[in-house]
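*Asks:* Got chain A sorted already, so can you dock chain B onto it with the hints?
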Amino acid sequence: EDQVTQSPEALRLQEGESSSLNCSYTVSGLRGLFWYRQDPGKGPEFLFTLYSAGEEKEKERLKATLTKKESFLHITAPKPEDSATYLCASRRGSQGNLIFGKGTKLSVKP
Amino acid sequence: GAVVSQHPSRVICKSGTSVKIECRSLDFQATTMFWYRQFPKQSLMLMATSNEGSKATYEQGVEKDKFLINHASLTLSTLTVTSAHPEDSSFYICSALGGHGYTFGSGTRLTVV
Chain A
1094 EDQVTQSPEA LRLQEGESSS LNCSYTVSGL RGLFWYRQDP GKGPEFLFTL
1144 YSAGEEKEKE RLKATLTKKE SFLHITAPKP EDSATYLCAS RRGSQGNLIF
1194 GKGTKLSVKP
Chain B
73 GAVVSQHPSR VICKSGTSVK IECRSLDFQA TTMFWYRQFP KQSLMLMATS
123 NEGSKATYEQ GVEKDKFLIN HASLTLSTLT VTSAHPEDSS FYICSALGGH
173 GYTFGSGTRL TVV
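Chains as they are written, first to last, in this note's numbering: chain A, 1094 to 1203; chain B, 73 to 185.
The following block holds chain A by itself, in its conformation from the complex:
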């Protein structure tokens, strides 16, 4: 069964304290690994798509990496405004829909 598992469920950081979020996946025919940010009461906001092992993408304080079994979202020197739930999703090759993990709720304290 296709699955996406994120860890940790929640992460509390001090402002400036770098860390990483993990997303492991078991999906046949993977056609993209997606990262989204979701604020409370809002829809997911797109961050990155990764397609092949070894690929890396960066945006401001965020950097996403991909291996054959997992993806990491590295947060460098986070700020309070980075507080949100970060969702990881994989795309099934044949159907096109996204399979989401439960997310990691990140809290960054000043």
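Hints are computed from structural coordinates only; laboratory data are not their basis.
Please read all numbers here as calculations on a predicted model, not as lab measurements.
By construction, the Cβ of each residue, glycine as well, lies at the ideal position given by its N, Cα and C atoms.
Wrong hints could be hidden among the right ones.
Sample of chain B residues at the chain A side, in silico, Cβ under 10 Å [to be verified]:
(1) A74
(2) F163
(3) R181
Taking lysine-lysine pairs in the DSBU-like style, the calculated list, with each CA pair at most 35 Å apart, reads [unchecked claim]:
(4) K1152(A) with K113(B)
(5) K1198(A) with K136(B)
(6) K92(B) with K1135(A)
(7) K1195(A) with K138(B)
(8) K1161(A) with K113(B)
(9) K1135(A) with K113(B)
(10) K1172(A) with K113(B)
(11) K113(B) with K1162(A)
(12) K92(B) with K1198(A)
(13) K1198(A) with K138(B)
(14) K1161(A) with K1195(A)
(15) K1195(A) with K136(B)
(16) K1195(A) with K113(B)
(17) K113(B) with K1202(A)
(18) K113(B) with K1156(A)
*Replies:* Below, chain B without anything else, positioned relative to chain A:
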């Protein structure tokens, strides 16, 4: 960038009534739209996939007669929750697939009283 507008953002309805949620792609044509449901502290669960002009494909366990999906144009899909009950209370999110990839609406908080 691609924008998806979802309305209403919040709705409270009485048990037994129906509620319609709209999802519009504002600046692109969406060949496929997806409807998700999200419970507190849970991931987005796919309910159905709809393609313009054809019947929606529902995920296992989702009642198609209860959650009616219409995708009449390349920019509009609607989800109607029929005969709503308190257990239908949830956060519903649509997603449109276009040239920019998957773009999500801002969600609809449905409360059935």
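*Asks:* Which hints from the list above does the structure break, by number from lowest to highest?
*Replies:* Result: no hint breaks.
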